[in-house]
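Could you build the full structure based on these sequences and the hints that come with them?
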Amino acid sequence: MAYWLVKSEPDAFSWDQQVANGVEPWTGVRNAQAALHLKAMAKGDKAFFYHSNVGKEIVGIVEVVRTAYPDPTDETGRWVCVDMKAVRPVPRPVTLAAIKAEPALAEIALVRQSRLSVMPVSAAHWALLCRMGGAD
DNA sequence: GCCAACGTTGGC
DNA sequence: GCCAACGTTGGC
Numbered sequence: 001m002a003y004w005l006v007k008s009e010p011d012a013f014s015w016d017q018q019v020a021n022g023v024e025p026w027t028g029v030r031n032a033q034a035a036l037h038l039k040a041m042a043k044g045d046k047a048f049f050y051h052s053n054v055g056k057e058i059v060g061i062v063e064v065v066r067t068a069y070p071d072p073t074d075e076t077g078r079w080v081c082v083d084m085k086a087v088r089p090v091p092r093p094v095t096l097a098a099i100k101a102e103p104a105l106a107e108i109a110l111v112r113q114s115r116l117s118v119m120p121v122s123a124a125h126w127a128l129l130c131r132m133g134g135a136d
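Letter by letter, the first sequence follows residues 1 to 136 of the UniProt record's numbering.
Derived from the structure by calculation, the hints contain no laboratory data. Treat the hints with caution; some may be incorrect.
Pairs of lysine-lysine residues, derived as DSSO-like cross-links and limited to a Cα-Cα distance of at most 30 Å, are as follows [stated by the list, open to error]:
1) K56 x K85
2) K56 x K39
3) K100 x K56
4) K85 x K100
5) K43 x K56
6) K100 x K46
7) K39 x K85
8) K46 x K85
9) K43 x K85
10) K39 x K100
11) K56 x K46
If you want it as structure tokens, here you go:
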């Protein structure tokens with residue numbers, strides 16, 4: 001099983017909405033690198049749900065329940081989306097500041113490529129972030 | 001609100 | 001195919 005981190009602006013789509021909806025298509029990715037990551041996701045993979053701009057913190061954990069298929073919000077038909085299901089909240093949201101302050105996370109894509117909206121997370125980083133968030 | 005990073009577009 | 005101009009993202 002692989003681990004990921006996906007970003008959403010809470011003004012557009014928040015963790016609360018994800019929880020309320022249960023399963024939700026993760027649409028709107030219009031970046032080639034992020035799309036490659038979407039296509040690499042397998043059913044059962046887990047992802048951190050990160051709030052960009054507002055909050056700037058990991059607030060929950062979601063699971064991939066449907067692998068990549070054409071994004072219904074994309075009229076060109078070139079981009080894909082996946083379906084995500086809310087698994088559980090992160091009890092103590094892990095802020096970007098806390099991630100930057102942790103030397104073991106210096107290489108994480110969230111810090112190194114701030115504009116990427118879908119990125120892989122190593123098993124070691126996943127475990128550490130879960131511990132930091134009280135989501136063991 | 002500003003700015004850095006970076007992807008995209010269009011002229012040549 | 002290069003590169004300047006421009007638009008968008010996202011942190012501060």
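Verification of the hints:
Proposed proximity of K56 and K85 is supported: the alpha carbons are some 21 Å apart, at most 30 Å. About 25 Å separates the Cα atoms of K56 and K39, which keeps this hinted pair within 30 Å; it holds. With a CA separation close to 12 Å, the supplied pair K100 and K56 stays within the 30 Å bound. Restraint check for K85 and K100: the C-alpha separation of about 28 Å stays at or below 30 Å, so the hint holds.
Our distance criterion of 30 Å between C-alpha atoms is met by K43 and K56, whose separation comes to about 27 Å. For the hint pairing K100 with K46, the CA-to-CA distance comes to about 22 Å; that is within 30 Å, so the pair holds. Annotation: proposed proximity of K39 to K85 holds, straight-line Cα distance about 17 Å (limit 30 Å). For a cut-off of 30 Å, the pair hint linking K46 to K85 stands: about 9 Å separates their Cα positions.
Proximity of K43 to K85 is assessed by CA-CA distance (about 11 Å); at most 30 Å being required, the pair is judged to hold. Between K39 and K100, the direct Cα distance comes to roughly 28 Å. Compliance with the 30 Å bound is thereby established for this hinted pair. Distance restraint check for K56 and K46: the Cα-Cα separation of roughly 19 Å lies within the 30 Å cut-off, and the hinted pair is therefore satisfied.
When each numbered hint is compared with the structure, no violation occurs for any of them.
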